[in-house]
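Q: Here are the chains, one letter per residue:
2 protein chains.
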Amino acid sequence: MEDCVFCDIVAGKASASMVYEDETVCSFLTIGPVNPGHLLVIPKQHKSSLSDLDEETGMHLFKVTMQMAKALRHSDLQCEGVNLFLADGEAAFQDVFHVHMHVFPRFQGDQFKVDANWEIKPSRQELDEIAERIRRAQGIRT
Amino acid sequence: MEDCVFCDIVAGKASASMVYEDETVCSFLTIGPVNPGHLLVIPKQHKSSLSDLDEETGMHLFKVTMQMAKALRHSDLQCEGVNLFLADGEAAFQDVFHVHMHVFPRFQGDQFKVDANWEIKPSRQELDEIAERIRRAQGIRT
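Order-wise, the sequence lines are chains A and B. Here the first sequence is numbered in the working numbering, starting from 12 and rising by one per residue. Here the second sequence is numbered in the working numbering, starting from 12 and rising by one per residue.
Chain A with its partners taken away, still in its complex shape:
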């Protein structure tokens, strides 16, 4: 894929501080961390969105993600928690259009925050109706 910084990293054309690498996925430190130790785990093959990723590769990517979370927990960074975050689509804050799972260490009192309109409290009937709409969409193939 041309003009993809993650493909350039995989190809060795761009530098990265690599933590893990195998045949299908790799993990390296992002240059824009929320905290020191903020890792990305990516498939080596270019996949722009989650729906382009086959399940087998996705499952392997998650296995490595779990291992990276464990490594952060056991490292001398002394983190107190870990977040996983994946942004799929521009509306979901995806910036680089090559699938990447964020794995970042957390520390009490750090500056990472999430916010939303927490006032929304749907009724059970509303939840059941939405569940039905999502269930109907299951099994649809791209």
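Be a bit skeptical, because a hint or two may be false.
As the list claims (entries may be wrong) - Straight-line alpha carbon distances no greater than 27 Å define the calculated DSSO-like cross-link-like pairs of lysine-lysine that follow:
| no. | chain 1 | residue 1 | chain 2 | residue 2 |
| --- | --- | --- | --- | --- |
| 1 | B | Lys81 | A | Lys24 |
| 2 | B | Lys81 | B | Lys124 |
| 3 | A | Lys55 | A | Lys24 |
| 4 | B | Lys24 | A | Lys81 |
| 5 | B | Lys132 | A | Lys55 |
| 6 | A | Lys74 | A | Lys58 |
| 7 | A | Lys74 | B | Lys55 |
| 8 | B | Lys74 | B | Lys124 |
| 9 | B | Lys24 | B | Lys58 |
| 10 | B | Lys24 | A | Lys74 |
| 11 | B | Lys74 | A | Lys81 |
| 12 | B | Lys24 | B | Lys55 |
| 13 | A | Lys58 | B | Lys24 |
| 14 | B | Lys58 | A | Lys74 |
| 15 | A | Lys124 | B | Lys132 |
| 16 | B | Lys124 | A | Lys132 |
| 17 | A | Lys58 | B | Lys58 |
| 18 | B | Lys24 | A | Lys132 |
| 19 | B | Lys132 | A | Lys132 |
| 20 | B | Lys55 | A | Lys132 |
| 21 | B | Lys55 | B | Lys74 |
| 22 | A | Lys124 | A | Lys81 |
| 23 | A | Lys55 | A | Lys81 |
| 24 | A | Lys74 | A | Lys124 |
| 25 | A | Lys55 | A | Lys74 |
Calculated from the structure, these hints are not laboratory results.
Fit chain B to the given chain A structure using the hints.
A: Relative to chain A, chain B alone:
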């Protein structure tokens, strides 16, 4: 596990708007959504933290997570993006201590936000040093 609301849901003792269920994992709508359609995917067995989850179950949980993301994308909720989010540990905003992956639809202009101190721009040398510290911690078993 006593006093775990997710275990109660799995056991049928608490109500939930279920979207998917199999032998080892299930997915239902959270009662505190950031957007309508906000799902959780959980292992049925009580696992308080990510490091308690065996890799096989984790991989299956992620396969179902991918399927839930696809269902949201194909549903008539007409979402424009999807986020995955997992909080492991109190410092990482974990609230219910039963592993759960958030899968939520995103819409342009919705109110979900993430924030951090984006000013941190580590040098390549700093990144390489941190990568080395994380690599050293790989392979350590609990």
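Q: Can you confirm whether the C-alpha distance between Lys55 of chain B and Lys132 of chain A stays at or below 27 Å?
A: holds (25 Å)
Q: Need the status of pair Lys55 of chain B, Lys74 of chain B: alpha-carbon distance at most 27 Å?
A: holds (15 Å)
Q: Between Lys124 of chain A and Lys132 of chain B, is the straight-line Cα distance small enough, at 27 Å or below?
A: The given pair, whose Cα atoms are some 19 Å apart, holds under the 27 Å limit.
Q: If you draw a straight line from the CA of Lys124 of chain A to the CA of Lys81 of chain A, is it 27 Å or shorter?
A: holds (22 Å)
Q: Take the C-alpha atoms of Lys24 of chain B and Lys58 of chain B, compute the straight-line distance between them, and say whether it is at most 27 Å.
A: Holds. Lys24 of chain B to Lys58 of chain B sits at ~18 Å (cutoff 27 Å).
Q: Under the criterion that the straight-line Cα-Cα distance not exceed 27 Å, is the pair Lys74 of chain B, Lys81 of chain A satisfied?
A: holds (20 Å)
Q: For the pair we were handed, Lys58 of chain A and Lys24 of chain B, check the Cα-Cα distance against 27 Å.
A: violated (41 Å)
Q: Is the straight-line distance between the alpha-carbon of Lys81 of chain B and that of Lys24 of chain A 27 Å or less?
A: Distance of about 33 Å is beyond 27 Å: violated.
Q: Is Lys74 of chain A close enough to Lys124 of chain A, meaning Cα to Cα at most 27 Å?
A: holds (26 Å)
Q: For Lys74 of chain A and Lys58 of chain A, compute the direct alpha-carbon distance and say whether it is at most 27 Å.
A: holds (18 Å)
Q: Keeping to a limit of 27 Å between CA atoms, is the pair of Lys24 of chain B and Lys55 of chain B held or broken?
A: With a Cα-Cα distance of about 14 Å, the restraint between Lys24 of chain B and Lys55 of chain B holds, given a limit of 27 Å.
Q: Hinted pair, alpha-carbon criterion (27 Å max): Lys58 of chain A, Lys58 of chain B. Please report holds or violated.
A: violated (31 Å)
Comparing the model with each earlier hint shows violations of hints 1, 4, 10, 13, 17 and 19; every other hint is respected.
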